[in-house]
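Going by the numbering used here, the first residue of the sequence shown is number 154, and it counts up by one from there.
Just so you know, not all the hints are guaranteed correct.
What the hints assert, rightly or not - Derived DMTMM-like pairs (lysine to aspartate or glutamate); straight-line CA-CA distance at most 25 angstroms:
#1 K181 - D487
#2 K499 - D378
#3 K320 - E351
#4 K384 - D429
#5 K320 - D175
#6 K320 - D410
#7 K433 - E459
Unchecked claim - Label-pair ranges, simulated between beta-carbon atoms:
#8 G237 - H359: 24 to 30 angstroms
#9 D298 - Y262: 20 to 26 angstroms
#10 K181 - Q388: 50 to 56 angstroms
#11 C260 - E189: 34 to 40 angstroms
#12 T179 - E275: 38 to 44 angstroms
#13 E261 - E459: 18 to 24 angstroms
#14 R379 - K433: 31 to 37 angstroms
#15 T179 - H430: 40 to 46 angstroms
#16 T220 - A273: 20 to 26 angstroms
#17 A377 - G266: 45 to 51 angstroms
#18 D407 - G237: 47 to 53 angstroms
These are calculated hints, taken from the structure and not from any lab test.
Note that the Cβ used here is the ideal one computed from N, Cα and C, for glycine as well.
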Amino acid sequence: MTPTSELEHRIEGASMRAGLLDGLRTMKVASIPIPEVLPGTVIVKVKSVGICGSDLHAYRNVDAHQTFPSGHELSGIVVETGAGVSAVRVGERVTIDMVLGTACGRCEYCKLGAPIHCRAREFPFGGGFAEYVRTKEAGVFALPDAVDNHLGAIVEPVAVGVHACRKMRIVPGMVGVVVGAGTIGLAALAAALDAGAERVYVVARHTAQARAALAMGATAILPADRAEALKVVEQATGGLGAHFAIEAVGGTADTFDFTCQFVRPLGQVAVLGAFDHGFKNIEIIAPHIKELTIYLPNCYGCIDGEHDFAVAIDLLARRGDTLRAMITHDLSLDDIQEAFQLACDKRSDSIKVQVHM
(Lines of atoms letter the chains of each structure in order from A and count residues from 1; the text may use other names and numbers.)
(Lines give C-alpha, C1' and ligand atoms only; values in the text may rest on other atoms or scores of the structure.)
Protein backbone atom coordinates (compact mmCIF):
# COMPACT_ATOMS: atom_id res chain seq x y z
CA MET A 1 0.00 0.00 0.00
CA THR A 2 1.11 3.60 -0.54
CA PRO A 3 0.06 5.95 2.27
CA THR A 4 0.00 9.69 1.71
CA SER A 5 1.35 12.23 4.18
CA GLU A 6 -2.25 13.07 5.04
CA LEU A 7 -2.94 9.42 5.83
CA GLU A 8 0.18 9.13 7.97
CA HIS A 9 -0.97 12.20 9.90
CA ARG A 10 -4.46 10.88 10.55
CA ILE A 11 -3.15 7.48 11.72
CA GLU A 12 -1.24 9.21 14.51
CA GLY A 13 -4.55 10.21 16.13
CA ALA A 14 -6.19 6.84 15.35
CA SER A 15 -9.63 8.48 15.34
CA MET A 16 -11.84 10.56 13.11
CA ARG A 17 -14.95 12.72 13.38
CA ALA A 18 -18.26 11.15 12.45
CA GLY A 19 -21.92 12.13 12.50
CA LEU A 20 -23.92 9.65 14.57
CA LEU A 21 -27.59 9.25 15.38
CA ASP A 22 -27.96 9.91 19.12
CA GLY A 23 -31.66 9.27 19.76
CA LEU A 24 -34.80 10.45 18.01
CA ARG A 25 -34.19 13.43 15.71
CA THR A 26 -30.73 13.98 17.18
CA MET A 27 -27.40 13.86 15.38
CA LYS A 28 -24.07 14.43 17.09
CA VAL A 29 -20.45 14.67 16.02
CA ALA A 30 -18.27 12.15 17.83
CA SER A 31 -14.82 10.62 17.60
CA ILE A 32 -14.65 7.01 16.36
CA PRO A 33 -11.82 4.75 15.18
CA ILE A 34 -10.57 5.20 11.63
CA PRO A 35 -11.36 2.10 9.54
CA GLU A 36 -8.39 -0.20 9.03
CA VAL A 37 -7.34 -0.97 5.48
CA LEU A 38 -7.66 -4.67 4.69
CA PRO A 39 -6.58 -6.73 1.69
CA GLY A 40 -8.69 -5.84 -1.32
CA THR A 41 -10.04 -2.67 0.29
CA VAL A 42 -9.62 1.06 -0.17
CA ILE A 43 -9.76 3.94 2.31
CA VAL A 44 -11.43 7.08 0.98
CA LYS A 45 -11.29 10.52 2.55
CA VAL A 46 -14.86 11.79 2.26
CA LYS A 47 -15.39 15.20 0.65
CA SER A 48 -19.18 15.42 0.26
CA VAL A 49 -21.99 13.15 1.43
CA GLY A 50 -25.72 13.47 0.85
CA ILE A 51 -28.56 12.85 3.27
CA CYS A 52 -30.77 10.09 1.83
CA GLY A 53 -34.44 9.44 2.51
CA SER A 54 -33.44 6.26 4.35
CA ASP A 55 -31.19 8.35 6.62
CA LEU A 56 -34.12 10.66 7.33
CA HIS A 57 -36.42 7.72 8.07
CA ALA A 58 -34.03 6.53 10.79
CA TYR A 59 -33.56 10.10 12.10
CA ARG A 60 -37.33 10.56 12.48
CA ASN A 61 -38.27 7.11 13.76
CA VAL A 62 -35.40 5.23 15.36
CA ASP A 63 -34.39 5.87 18.97
CA ALA A 64 -30.88 4.51 18.58
CA HIS A 65 -27.36 5.53 19.56
CA GLN A 66 -25.06 4.69 16.69
CA THR A 67 -21.45 3.65 17.02
CA PHE A 68 -21.07 3.27 13.23
CA PRO A 69 -22.26 6.09 10.95
CA SER A 70 -24.81 5.92 8.15
CA GLY A 71 -24.27 7.72 4.85
CA HIS A 72 -23.87 6.16 1.42
CA GLU A 73 -24.13 9.02 -1.12
CA LEU A 74 -20.57 10.30 -1.22
CA SER A 75 -17.54 11.49 -3.11
CA GLY A 76 -13.97 11.59 -1.91
CA ILE A 77 -10.30 10.93 -2.55
CA VAL A 78 -8.51 7.59 -2.23
CA VAL A 79 -5.85 7.84 0.47
CA GLU A 80 -4.88 4.22 1.03
CA THR A 81 -5.13 0.91 -0.80
CA GLY A 82 -4.79 -2.58 0.65
CA ALA A 83 -2.87 -5.56 -0.62
CA GLY A 84 -4.19 -6.89 -3.89
CA VAL A 85 -5.81 -3.64 -5.04
CA SER A 86 -4.73 -2.98 -8.61
CA ALA A 87 -7.31 -0.81 -10.39
CA VAL A 88 -7.60 2.02 -7.86
CA ARG A 89 -4.84 4.55 -7.18
CA VAL A 90 -4.10 6.79 -4.23
CA GLY A 91 -5.09 10.35 -5.09
CA GLU A 92 -8.02 9.42 -7.37
CA ARG A 93 -11.30 11.27 -6.97
CA VAL A 94 -14.04 8.68 -6.60
CA THR A 95 -17.54 7.80 -5.57
CA ILE A 96 -18.58 4.53 -3.94
CA ASP A 97 -21.28 1.99 -4.63
CA MET A 98 -21.70 0.81 -1.03
CA VAL A 99 -23.82 -2.13 -2.18
CA LEU A 100 -21.05 -3.48 -4.40
CA GLY A 101 -18.33 -2.37 -1.99
CA THR A 102 -19.69 -4.45 0.88
CA ALA A 103 -20.91 -7.49 -1.09
CA CYS A 104 -19.10 -10.83 -1.07
CA GLY A 105 -18.63 -10.94 -4.85
CA ARG A 106 -18.95 -14.73 -4.83
CA CYS A 107 -22.59 -15.65 -4.27
CA GLU A 108 -25.14 -16.32 -7.00
CA TYR A 109 -26.58 -12.81 -6.94
CA CYS A 110 -23.21 -11.07 -6.98
CA LYS A 111 -22.27 -13.12 -10.05
CA LEU A 112 -25.56 -12.11 -11.68
CA GLY A 113 -24.67 -8.42 -11.26
CA ALA A 114 -27.28 -7.92 -8.53
CA PRO A 115 -25.20 -7.40 -5.36
CA ILE A 116 -28.17 -5.79 -3.57
CA HIS A 117 -29.25 -9.40 -3.00
CA CYS A 118 -25.83 -10.59 -1.78
CA ARG A 119 -26.12 -13.55 0.59
CA ALA A 120 -22.93 -12.82 2.53
CA ARG A 121 -22.30 -9.09 2.90
CA GLU A 122 -18.89 -8.66 4.49
CA PHE A 123 -18.79 -5.08 5.83
CA PRO A 124 -21.34 -2.83 7.51
CA PHE A 125 -23.29 -0.81 4.95
CA GLY A 126 -22.69 2.95 5.15
CA GLY A 127 -20.07 4.93 6.98
CA GLY A 128 -20.18 8.06 4.82
CA PHE A 129 -21.01 10.56 7.56
CA ALA A 130 -17.38 10.46 8.63
CA GLU A 131 -14.00 11.74 7.53
CA TYR A 132 -12.90 8.35 6.17
CA VAL A 133 -14.71 5.29 4.86
CA ARG A 134 -13.62 1.81 3.84
CA THR A 135 -14.91 -0.15 0.86
CA LYS A 136 -13.89 -3.03 -1.32
CA GLU A 137 -12.09 -2.09 -4.52
CA ALA A 138 -15.07 -3.31 -6.57
CA GLY A 139 -17.25 -0.53 -5.16
CA VAL A 140 -14.97 2.32 -6.23
CA PHE A 141 -15.81 4.36 -9.35
CA ALA A 142 -13.47 7.08 -10.60
CA LEU A 143 -14.94 10.53 -11.20
CA PRO A 144 -14.00 12.54 -14.31
CA ASP A 145 -13.02 16.20 -13.97
CA ALA A 146 -16.48 17.22 -15.23
CA VAL A 147 -18.06 15.64 -12.12
CA ASP A 148 -17.01 17.67 -9.08
CA ASN A 149 -17.37 16.52 -5.47
CA HIS A 150 -20.95 17.75 -5.10
CA LEU A 151 -22.07 16.02 -8.30
CA GLY A 152 -20.04 12.97 -7.30
CA ALA A 153 -22.15 12.70 -4.16
CA ILE A 154 -25.37 12.41 -6.20
CA VAL A 155 -24.11 9.60 -8.43
CA GLU A 156 -25.79 7.12 -6.07
CA PRO A 157 -29.34 8.57 -6.23
CA VAL A 158 -28.97 9.24 -9.96
CA ALA A 159 -28.03 5.56 -10.36
CA VAL A 160 -31.33 4.63 -8.69
CA GLY A 161 -33.23 6.52 -11.39
CA VAL A 162 -30.97 5.10 -14.09
CA HIS A 163 -31.58 1.55 -12.85
CA ALA A 164 -35.36 1.98 -13.05
CA CYS A 165 -35.29 3.45 -16.55
CA ARG A 166 -32.93 0.78 -17.83
CA LYS A 167 -35.15 -1.93 -16.35
CA MET A 168 -38.13 -0.40 -18.15
CA ARG A 169 -36.23 -0.16 -21.46
CA ILE A 170 -37.32 3.42 -22.07
CA VAL A 171 -36.64 4.34 -25.69
CA PRO A 172 -36.88 7.52 -27.81
CA GLY A 173 -40.38 8.77 -28.47
CA MET A 174 -41.98 7.57 -25.26
CA VAL A 175 -44.08 9.83 -23.02
CA GLY A 176 -43.81 9.40 -19.27
CA VAL A 177 -44.92 10.70 -15.90
CA VAL A 178 -42.93 10.89 -12.67
CA VAL A 179 -45.00 11.12 -9.49
CA GLY A 180 -42.86 12.76 -6.83
CA ALA A 181 -40.05 15.25 -7.30
CA GLY A 182 -37.68 14.64 -4.43
CA THR A 183 -34.16 13.50 -5.20
CA ILE A 184 -35.22 10.10 -6.53
CA GLY A 185 -38.06 11.49 -8.62
CA LEU A 186 -35.73 14.06 -10.14
CA ALA A 187 -33.13 11.37 -10.79
CA ALA A 188 -35.77 9.30 -12.58
CA LEU A 189 -36.77 12.35 -14.63
CA ALA A 190 -33.16 12.94 -15.70
CA ALA A 191 -32.60 9.28 -16.54
CA ALA A 192 -35.84 9.01 -18.55
CA LEU A 193 -35.02 12.10 -20.59
CA ASP A 194 -31.49 10.87 -21.18
CA ALA A 195 -32.87 7.52 -22.36
CA GLY A 196 -34.77 9.40 -25.05
CA ALA A 197 -38.22 9.99 -23.59
CA GLU A 198 -39.89 12.62 -25.75
CA ARG A 199 -41.88 14.19 -22.93
CA VAL A 200 -41.90 13.63 -19.16
CA TYR A 201 -44.55 15.22 -16.94
CA VAL A 202 -43.95 15.59 -13.22
CA VAL A 203 -46.15 15.65 -10.13
CA ALA A 204 -44.36 17.87 -7.57
CA ARG A 205 -45.69 18.65 -4.12
CA HIS A 206 -43.34 21.50 -3.23
CA THR A 207 -42.40 24.67 -5.10
CA ALA A 208 -38.64 24.03 -4.93
CA GLN A 209 -39.15 20.56 -6.38
CA ALA A 210 -41.28 21.91 -9.23
CA ARG A 211 -38.67 24.55 -9.99
CA ALA A 212 -35.88 21.95 -10.08
CA ALA A 213 -37.92 19.59 -12.28
CA LEU A 214 -38.52 22.31 -14.86
CA ALA A 215 -34.85 23.30 -14.77
CA MET A 216 -33.97 19.66 -15.44
CA GLY A 217 -36.20 19.41 -18.49
CA ALA A 218 -39.66 18.33 -17.32
CA THR A 219 -42.29 18.98 -19.97
CA ALA A 220 -44.65 20.45 -17.37
CA ILE A 221 -45.61 20.27 -13.73
CA LEU A 222 -49.01 18.63 -13.49
CA PRO A 223 -51.87 20.26 -11.54
CA ALA A 224 -52.20 19.41 -7.85
CA ASP A 225 -55.76 18.24 -8.46
CA ARG A 226 -55.48 14.59 -9.44
CA ALA A 227 -58.37 14.58 -11.88
CA GLU A 228 -56.93 17.60 -13.66
CA ALA A 229 -53.45 16.04 -13.75
CA LEU A 230 -54.81 12.88 -15.35
CA LYS A 231 -56.78 14.94 -17.85
CA VAL A 232 -53.66 16.86 -18.94
CA VAL A 233 -51.77 13.65 -19.73
CA GLU A 234 -54.76 12.07 -21.41
CA GLN A 235 -55.22 15.07 -23.70
CA ALA A 236 -51.47 15.29 -24.40
CA THR A 237 -51.41 11.66 -25.58
CA GLY A 238 -54.53 11.63 -27.75
CA GLY A 239 -56.51 9.83 -25.05
CA LEU A 240 -54.11 6.90 -24.79
CA GLY A 241 -52.16 7.78 -21.65
CA ALA A 242 -48.44 7.71 -20.96
CA HIS A 243 -46.17 4.88 -22.09
CA PHE A 244 -44.65 4.69 -18.62
CA ALA A 245 -44.92 6.21 -15.17
CA ILE A 246 -42.59 6.16 -12.17
CA GLU A 247 -43.81 6.35 -8.57
CA ALA A 248 -41.25 8.15 -6.37
CA VAL A 249 -43.15 9.06 -3.21
CA GLY A 250 -43.76 5.96 -1.08
CA GLY A 251 -44.77 6.31 2.56
CA THR A 252 -48.45 5.70 3.22
CA ALA A 253 -50.13 7.58 0.35
CA ASP A 254 -52.08 5.87 -2.45
CA THR A 255 -49.58 7.09 -5.03
CA PHE A 256 -49.12 3.66 -6.59
CA ASP A 257 -52.73 3.59 -7.77
CA PHE A 258 -52.51 7.23 -8.87
CA THR A 259 -49.37 6.51 -10.88
CA CYS A 260 -50.99 3.55 -12.65
CA GLN A 261 -53.89 5.75 -13.78
CA PHE A 262 -51.56 7.80 -16.01
CA VAL A 263 -50.50 4.77 -18.06
CA ARG A 264 -52.07 3.38 -21.23
CA PRO A 265 -52.95 -0.32 -21.62
CA LEU A 266 -49.80 -2.46 -22.00
CA GLY A 267 -47.76 0.35 -20.46
CA GLN A 268 -45.17 0.23 -17.69
CA VAL A 269 -45.00 1.40 -14.08
CA ALA A 270 -41.92 1.43 -11.84
CA VAL A 271 -42.12 1.88 -8.07
CA LEU A 272 -39.14 3.72 -6.56
CA GLY A 273 -40.85 5.16 -3.48
CA ALA A 274 -40.19 3.37 -0.19
CA PHE A 275 -43.59 2.44 1.21
CA ASP A 276 -44.01 1.92 4.94
CA HIS A 277 -44.14 -1.59 6.36
CA GLY A 278 -47.66 -2.94 6.47
CA PHE A 279 -48.83 -0.64 3.67
CA LYS A 280 -51.79 -2.23 1.88
CA ASN A 281 -53.28 0.68 -0.06
CA ILE A 282 -52.96 -0.92 -3.51
CA GLU A 283 -55.86 -1.57 -5.86
CA ILE A 284 -54.60 -4.12 -8.37
CA ILE A 285 -57.73 -4.60 -10.51
CA ALA A 286 -57.33 -1.55 -12.76
CA PRO A 287 -53.62 -2.22 -13.56
CA HIS A 288 -54.55 -5.86 -14.16
CA ILE A 289 -57.27 -4.93 -16.64
CA LYS A 290 -54.80 -2.71 -18.53
CA GLU A 291 -52.14 -5.47 -18.46
CA LEU A 292 -49.53 -3.10 -17.06
CA THR A 293 -46.01 -4.32 -16.47
CA ILE A 294 -44.99 -3.41 -12.92
CA TYR A 295 -41.30 -3.01 -12.07
CA LEU A 296 -39.97 -2.94 -8.50
CA PRO A 297 -36.35 -1.84 -9.06
CA ASN A 298 -34.19 -1.85 -5.96
CA CYS A 299 -31.07 0.33 -5.87
CA TYR A 300 -28.71 -0.49 -8.78
CA GLY A 301 -26.49 -3.12 -10.32
CA CYS A 302 -25.29 -4.33 -13.72
CA ILE A 303 -27.57 -4.53 -16.76
CA ASP A 304 -26.26 -5.88 -20.05
CA GLY A 305 -22.76 -5.85 -18.61
CA GLU A 306 -22.75 -2.14 -17.70
CA HIS A 307 -23.05 -0.87 -14.14
CA ASP A 308 -25.71 1.74 -13.34
CA PHE A 309 -23.05 3.84 -11.56
CA ALA A 310 -21.05 4.06 -14.79
CA VAL A 311 -24.16 5.21 -16.67
CA ALA A 312 -24.98 7.74 -13.94
CA ILE A 313 -21.44 9.16 -13.95
CA ASP A 314 -21.57 9.57 -17.72
CA LEU A 315 -24.94 11.33 -17.43
CA LEU A 316 -23.57 13.71 -14.80
CA ALA A 317 -20.45 14.38 -16.86
CA ARG A 318 -22.66 15.49 -19.76
CA ARG A 319 -25.56 17.14 -17.95
CA GLY A 320 -24.16 17.94 -14.51
CA ASP A 321 -24.97 21.65 -14.70
CA THR A 322 -28.62 20.73 -15.18
CA LEU A 323 -28.78 17.99 -12.55
CA ARG A 324 -27.10 20.25 -10.01
CA ALA A 325 -30.55 21.80 -9.53
CA MET A 326 -31.41 19.00 -7.09
CA ILE A 327 -28.59 20.02 -4.69
CA THR A 328 -30.02 22.78 -2.50
CA HIS A 329 -27.93 22.89 0.69
CA ASP A 330 -24.33 22.22 1.71
CA LEU A 331 -23.26 22.28 5.37
CA SER A 332 -20.17 21.19 7.29
CA LEU A 333 -20.00 17.98 9.32
CA ASP A 334 -19.99 20.13 12.47
CA ASP A 335 -23.49 21.29 11.50
CA ILE A 336 -24.91 17.82 10.79
CA GLN A 337 -27.86 18.30 13.16
CA GLU A 338 -28.90 21.43 11.26
CA ALA A 339 -28.38 19.57 7.98
CA PHE A 340 -30.81 16.84 9.01
CA GLN A 341 -33.33 19.41 10.23
CA LEU A 342 -33.18 21.17 6.87
CA ALA A 343 -33.57 17.90 4.99
CA CYS A 344 -36.66 17.06 7.07
CA ASP A 345 -38.31 20.46 6.62
CA LYS A 346 -39.47 21.04 3.06
CA ARG A 347 -40.43 24.60 4.03
CA SER A 348 -36.67 25.21 3.80
CA ASP A 349 -36.90 24.46 0.04
CA SER A 350 -34.54 21.55 0.58
CA ILE A 351 -34.21 18.74 -1.91
CA LYS A 352 -30.75 17.24 -1.58
CA VAL A 353 -28.84 18.38 1.51
CA GLN A 354 -25.16 17.56 1.49
CA VAL A 355 -22.53 17.60 4.20
CA HIS A 356 -18.87 18.37 3.53
CA MET A 357 -15.81 17.43 5.57
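Results of checking the hints against the structure:
For a cut-off of 25 angstroms, the pair hint linking K181 to D487 stands: about 8 angstroms separates their Cα positions. Taking the CA atoms of K499 and D378, the gap is about 20 angstroms. The hint holds against a cut of 25 angstroms. Taken as a hint, the K320 and E351 pair is honoured in the structure, with Cα atoms around 18 angstroms apart against an allowance of 25 angstroms. Only pairs whose Cα atoms come within 25 angstroms are accepted, and K384 paired with D429 is rejected, the gap being roughly 29 angstroms.
Pair hint K320 plus D175 does not hold up; C-alpha atoms about 38 angstroms apart against a cutoff of 25 angstroms. Restraint check: the Cα-Cα separation between K320 and D410 comes to about 20 angstroms, which is no more than 25 angstroms; the hinted pair holds. Among the hinted pairs, K433 with E459 is inconsistent with the structure: their alpha-carbon atoms are about 35 angstroms apart, more than 25 angstroms. For G237 and H359, the hinted distance range of 24 to 30 angstroms is not satisfied, since their beta carbons lie about 47 angstroms from each other.
D298 and Y262 have their C-beta atoms about 34 angstroms apart, which leaves the hinted 20 to 26 angstroms range violated. A beta carbon spacing of about 53 angstroms between K181 and Q388 agrees with the range 50 to 56 angstroms that was offered as a hint. Between C260 and E189 the Cβ separation comes to about 25 angstroms, which falls outside the hinted range of 34 to 40 angstroms. Distance hint check: the CB atoms of T179 and E275 are about 30 angstroms apart, inconsistent with the given range 38 to 44 angstroms.
Evaluation of the 18 to 24 angstroms hint for E261 and E459 yields a pass: the beta carbon distance comes to about 20 angstroms. For R379 and K433, the hinted distance range of 31 to 37 angstroms is not satisfied, since their beta carbons lie about 20 angstroms from each other. The beta-carbon spacing between T179 and H430, approximately 23 angstroms, falls outside the hinted interval of 40 to 46 angstroms. T220 and A273 have their C-beta atoms about 23 angstroms apart, which keeps the hinted 20 to 26 angstroms range intact.
Between A377 and G266 the beta carbon distance is about 40 angstroms. The supplied range of 45 to 51 angstroms is therefore violated. A hinted range of 47 to 53 angstroms holds for the C-beta pair D407 and G237, which are about 50 angstroms apart.
In this structure, the earlier hints numbered 4, 5, 7, 8, 9, 11, 12, 14, 15 and 17 are contradicted, and the remaining ones agree with it.
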